[in-house]
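So the protein lines, in turn, are chains Y and C. Quick note: the first sequence uses UniProt numbering, first residue 1, plus one each step. Quick note: the second sequence uses UniProt numbering, first residue 1, plus one each step.
In case anyone wonders, no lab produced these hints; they're calculated from the structure. Possibly wrong hints are sitting among the right ones.
It does not matter which identical chain is used: a pair holds within one copy or between any two.
[As the list claims (entries may be wrong)] Think about it this way: if two alpha-carbon atoms lie no more than 25 Å apart in a straight line, the pair counts; the simulated PhoX-like pairs of lysine-lysine are:
hint, residue 1, residue 2
1, K464, K555
2, K432, K633
3, K641, K271
4, K651, K464
5, K230, K362
6, K406, K462
7, K63, K101
8, K462, K160
9, K250, K641
10, K68, K151
11, K151, K549
12, K432, K464
13, K555, K29
14, K464, K68
15, K633, K367
16, K651, K474
17, K131, K250
18, K259, K271
19, K651, K262
20, K474, K271
21, K651, K250
22, K250, K464
23, K367, K230
In this text the structure is predicted, and so the values were computed from the model without any measurement.
Protein chains: 2
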Amino acid sequence: MASPSASAESNLDIDYVLVYRFSPQDKNKAISNFQNLVRALADVGLETEVRNGEDSTLLVFVKAADEKIFNEVVYRSRVRDWLHGARQAQPDTGTENVLTKEPLVPAERLRLVYDMITSEPSEGGAGITPKHGVWENVESIFPLHDVRLNKEWMTEWARKTFLSPQDIDSVRDNLGEKIAYYFAFLQTYFYFLIYLAAFGFSCWVLLGYFSMIYAVVNCLWCVVFVEWWKRQEADLAVRWGVRNVSAIQKGRREYQYEKETKDPITGETVKWFPATQRLQRQLLQIPFVILAAIALGTLICTCFGIEIFISEVYNGPLKSVLVFIPTVLLTTLLPTISTFLTRFATRLTEFENYETEDAYEKAMTSKVFVLNFITSYLGIFLTAFVYVPFASVLVPYLDIFSLTVKPFAENEKQMQTPPAYTFTINPDRLRKQVIYFTVTAQILSLALETVVPLITRKGTTKFKEIQSSRAEAKGGAAPPPSANDQPEEKAFLARVRHEATLGDYDVTSDLREMCIQFGYLSLFSAVWPLVPCSFLINNWIELRSDTFKITSECKRPIPQRADSIGPWLDALGFLTWLGSITTAAVVYMFSNDGVGPSGRPSDIKLWALLLSVFASEHIYLLVRLAVRTVISKLDSENMRKERAERYMVRKRYLEETGLSVDKKTRHSLRTSSASSGGGLTKDITRKSLEDEARETTLRESTPVTRFWGRQKGWAEVEQVGVNLIELKLEGSAETKKGR
Amino acid sequence: MASPSASAESNLDIDYVLVYRFSPQDKNKAISNFQNLVRALADVGLETEVRNGEDSTLLVFVKAADEKIFNEVVYRSRVRDWLHGARQAQPDTGTENVLTKEPLVPAERLRLVYDMITSEPSEGGAGITPKHGVWENVESIFPLHDVRLNKEWMTEWARKTFLSPQDIDSVRDNLGEKIAYYFAFLQTYFYFLIYLAAFGFSCWVLLGYFSMIYAVVNCLWCVVFVEWWKRQEADLAVRWGVRNVSAIQKGRREYQYEKETKDPITGETVKWFPATQRLQRQLLQIPFVILAAIALGTLICTCFGIEIFISEVYNGPLKSVLVFIPTVLLTTLLPTISTFLTRFATRLTEFENYETEDAYEKAMTSKVFVLNFITSYLGIFLTAFVYVPFASVLVPYLDIFSLTVKPFAENEKQMQTPPAYTFTINPDRLRKQVIYFTVTAQILSLALETVVPLITRKGTTKFKEIQSSRAEAKGGAAPPPSANDQPEEKAFLARVRHEATLGDYDVTSDLREMCIQFGYLSLFSAVWPLVPCSFLINNWIELRSDTFKITSECKRPIPQRADSIGPWLDALGFLTWLGSITTAAVVYMFSNDGVGPSGRPSDIKLWALLLSVFASEHIYLLVRLAVRTVISKLDSENMRKERAERYMVRKRYLEETGLSVDKKTRHSLRTSSASSGGGLTKDITRKSLEDEARETTLRESTPVTRFWGRQKGWAEVEQVGVNLIELKLEGSAETKKGR
């Protein structure tokens, strides 16, 4: 039992905290909505407590106290899992001791309580949807952090190189499978990176850049990693008992149906929306992608052009400063356009009107991936496949960018593009760019993700403190929310109020970041073999900083189930495929240290380029097939366990039906039929056979009964057969003699 | 009830006929083995009758007569299906009236009886394995043809253009799903061919050969067809209730395990064979494929070289005769080598030692496909991609083949290869070859399949008759097997004896034939747009001739279940993919009517060829993705039904558990908690709140109980919350005033 002093760290059995924010303008509405909330929670059997919150908020604490009701919820959920195939064994009937037989981990408990709070009343929940409809005053629903566990994670993991499977399990037990999949992915990726980093480093030392050997190993590594992760994913799903949970589709509340029909067979109410209409709406993705490509592409190309113009054509004053123009342009405009396009993508996905959360997420992910693909890789693609082969052709046209430096140039000559034949490309440009994206940008994003929010938050807290102390000085301050707190609850409530101000953690954006990072590796790592080393170091920190983000900078996430990292898996597969093409092209074009096969990039033969790409891609496809086959053959402990469980279920069921024809009944079958036949000892000759037949003809009437009545019982069949054999053998013996 | 005269057509309720062949040398063994057979059948509850057969054979007739036992078999099978997910609804318990509730179609009855005869005693069967171990005397097990239905099929289908879904269902009901899938595939293929044939004919008239428009439509058609068939397959599986039956794996009797271990969890006996060892054995496929490619390739290349030498270099006497040398060589040697390689492939597949029939079949199919791929397409590939681009380079080397015509040539000049620059290729060669393979060879194979066996069989019957009448004339003939027949059974038994002499029908070889045919369409149809027309006509006949083969030239097949056409589906996908490459290459190379882009085939640009291939392949991949997406969105009657059924099962189960928290219990929850709270009417001010708190502190001891004890019941929570809101609003009003 927790001692009274531990109160700030303990969660006091609280499952969820609801932040109720009311508008000071409408007192009656504030009160009646609050009453509705408390009653709705009580209706589904949840116990509540209310405390004061910051500003115009109340904190409603919720716990599933009634054991009988919660047991029923658990049992129902297990039955649903079983019916959808997410669970092998049928749950034992009787709800009294579900929890003692198969205890719940915290994440499962939180998931089920969340379901009680949010699922539709028709499904047995309170139907509370934060910021939506009648529940607009409910600002958020969140569970409380497990402070001790969070501290343990932070301190322990900082000392470790690898997380153990138990660490990942503990993430799953406390934050749910969706986040645990992210950690498992990061961990597997990190583990795989060690080998590639070691190999990449050796290649860098021994073979230099654009090494074919490194390129081949890199591609192979990508294939093996992706295929292995697929298997790992399935394995974890079995380990965590979430296999097939994606089959349990969660309906989207925003889904707008055209009409409600009754299914003619089941009587189920179906919310119908025509698939053709959705297909038409999905076709809007094509103009969207074109729009995004044009918008982002133009920006990136322009900046690229300006940069080349300034760094390689312009040679007037202030060159070292002016060279940053494009970077400034990119860093200011790119996020703006991206944000705009993402918002547009969200709108579009909403317009496509998906029925389930999964379908929505998948559609959204594919759009986000396209946007990220353009912003992340287009620059390098331009350098590798436009600047290098065509620079001498394109450079003369760059003088349109002279406008950007006109105010600084002293004369026209400083901005004159050189004639095509004298221009030489800068072979280091590609490598520098790759290094920028795989080292500098990674460090920057890490900083942006963790350090900046930390500083911002500290700043705001300070600002608020100063503000409130000023107001106090003026004398007219509202009492702080902690004014009414019980002394022993003060520390605890302060923590809750702090957690309520934190943002939500979004695992998808972290996953996206990792996928984009993987893309640099699969697409361009041949340019600079140290890429995996950089990522190795980065990802060690990434995992810890994500842990810090989840535990300290965000509200504790609401546990969600998952049986995969979802649509990002397809993105990984696509990047690996594309990698087989770009790597081959890059290695061919830059073999001989970045200046083409015969020393000059203009000597690139299109047919040789295409042939290397074609060969590389098809080798990739073959290798993928082989790797898949081999990996699918490998067995794992968890898979074995699952098979065993399935076998047990079947065996038990078949034993229960008790239908096996066992030896005893069999023997009795034969003896009874023998005795009914009766002719066992009778000597049956051809004569007696005919007698029997005649007899039968008299007795029976249809051909069928006559046919089957000739020999009665197995013993007679046996006897007749033996006689026939003997007759035949005699006959053949006679024939032989006769000859 | 059947009239006595109908006896030859009726099957007299017989389920199976076993042909028991004994050796005249060992009488005792013949008798004891026969006794064992009859007893084993009686043991599992099968009724038997015995009759005389041809030569040294007996005919053992089997029927599942005991209703109780057969009901149990049916019930057990349904439970097994349900446990493996091949069946949605759990079968009703109680075996008495399984058959009245869900009657069996003939194919299912036959399948189950066959299981009773052949499955292992441990699984409740008689364990009879024809020609194997102790059952070596059992020559064959076969069901009897349904004569009336066969006649109906033959006459009705000959008058129809399309089979109706009911016709396919009737195949399924009588011959099982595996064969029905073949018919459904043939039918779908035929239906799709109509469109392509019409388009191909118009293209032939309007656009000539090597039309890009035709090529694009052809590729698209292939993609749509393959994707549609996948869907159709799934749809039929639902319609026939065989979805997921492939999950019910049938063990192979020939499987050799290294050791038998007990599973530590389930106690199940596992026949263990190391997967790594199998993988090593599978690696032998690589040398096998190389061997096959070399053996078949050398033969085909040699014949190809000789043919070109004779037809295009040699101009001595007998040219018109000598030109057939390669054809004669091919037609004699190719089948020999193929048979040898197939036998080798079978050995190899057996050596790979698969545990299940499915895995074995899959491995065997892939090998057979490779062999067929080489023999069917290599010749055309040589013409298109070796002869056309490189003929002028290679022709001078052809003089090694002058040996073949040396005896006939009058002087050296007649066999002299022309110098490279004067040699012109024969642009019609490719087209002629495609026409040969898609018209002539199809007709030949049709004839070989149906007409030849008919003639052979008629011949043998005649020969036997003549022989026996001669023997009779000599006086020493053994009595004919019909000597002892009951007069009314004579006609019937003659039919059975005839059916016993027929061969087995192998649906795989027919499927293979169709896949290879599809390959010509996807790979080379751009060469000659009339290919689909030829196949359209051919396949109309093919379906009827296959029906004839099944009903008249083979034993009635033993029904097998399937939920797909199996590994051939992959072959179709592969051929479509490859088609996107070859079609692009062929169209590019032969654009401008067979002589390359600028009039001469030597003007083929490698980069342009590679670029067209690369583009075509990736467009194919994109189109396939789009087609898949669209087709997956389409709903069908059967799918809807299946979903409805699944929903019903879930609904029923959840209703049975009766766990939904309904309005009534909910309301009682709230009222009970309100009354226990009791403070509903009490006016709670800040003062009274604190009193309450102090009171609680005295009563309880842990922080948790103290925290949750502050407000008792939902009503008090509501009251406290309302008070807090009021306090806050007052506070903020005061602050405003203060300012």
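Now for the hints, and whether the structure bears them out:
{"no.": "1", "hint": "K464 / K555", "in the structure": "within (20 Å within a copy, 91 Å between copies)"}
{"no.": "2", "hint": "K432 / K633", "in the structure": "neither (42 Å within a copy, 46 Å between copies)"}
{"no.": "3", "hint": "K641 / K271", "in the structure": "between (40 Å within a copy, 17 Å between copies)"}
{"no.": "4", "hint": "K651 / K464", "in the structure": "neither (66 Å within a copy, 54 Å between copies)"}
{"no.": "5", "hint": "K230 / K362", "in the structure": "both (17 Å within a copy, 23 Å between copies)"}
{"no.": "6", "hint": "K406 / K462", "in the structure": "neither (46 Å within a copy, 104 Å between copies)"}
{"no.": "7", "hint": "K63 / K101", "in the structure": "within (22 Å within a copy, 49 Å between copies)"}
{"no.": "8", "hint": "K462 / K160", "in the structure": "neither (34 Å within a copy, 87 Å between copies)"}
{"no.": "9", "hint": "K250 / K641", "in the structure": "between (29 Å within a copy, 22 Å between copies)"}
{"no.": "10", "hint": "K68 / K151", "in the structure": "neither (34 Å within a copy, 67 Å between copies)"}
{"no.": "11", "hint": "K151 / K549", "in the structure": "within (13 Å within a copy, 76 Å between copies)"}
{"no.": "12", "hint": "K432 / K464", "in the structure": "neither (44 Å within a copy, 88 Å between copies)"}
{"no.": "13", "hint": "K555 / K29", "in the structure": "neither (28 Å within a copy, 83 Å between copies)"}
{"no.": "14", "hint": "K464 / K68", "in the structure": "neither (45 Å within a copy, 84 Å between copies)"}
{"no.": "15", "hint": "K633 / K367", "in the structure": "between (35 Å within a copy, 19 Å between copies)"}
{"no.": "16", "hint": "K651 / K474", "in the structure": "neither (79 Å within a copy, 65 Å between copies)"}
{"no.": "17", "hint": "K131 / K250", "in the structure": "within (19 Å within a copy, 56 Å between copies)"}
{"no.": "18", "hint": "K259 / K271", "in the structure": "within (6 Å within a copy, 56 Å between copies)"}
{"no.": "19", "hint": "K651 / K262", "in the structure": "between (39 Å within a copy, 15 Å between copies)"}
{"no.": "20", "hint": "K474 / K271", "in the structure": "neither (59 Å within a copy, 86 Å between copies)"}
{"no.": "21", "hint": "K651 / K250", "in the structure": "between (33 Å within a copy, 17 Å between copies)"}
{"no.": "22", "hint": "K250 / K464", "in the structure": "neither (40 Å within a copy, 72 Å between copies)"}
{"no.": "23", "hint": "K367 / K230", "in the structure": "within (22 Å within a copy, 28 Å between copies)"}
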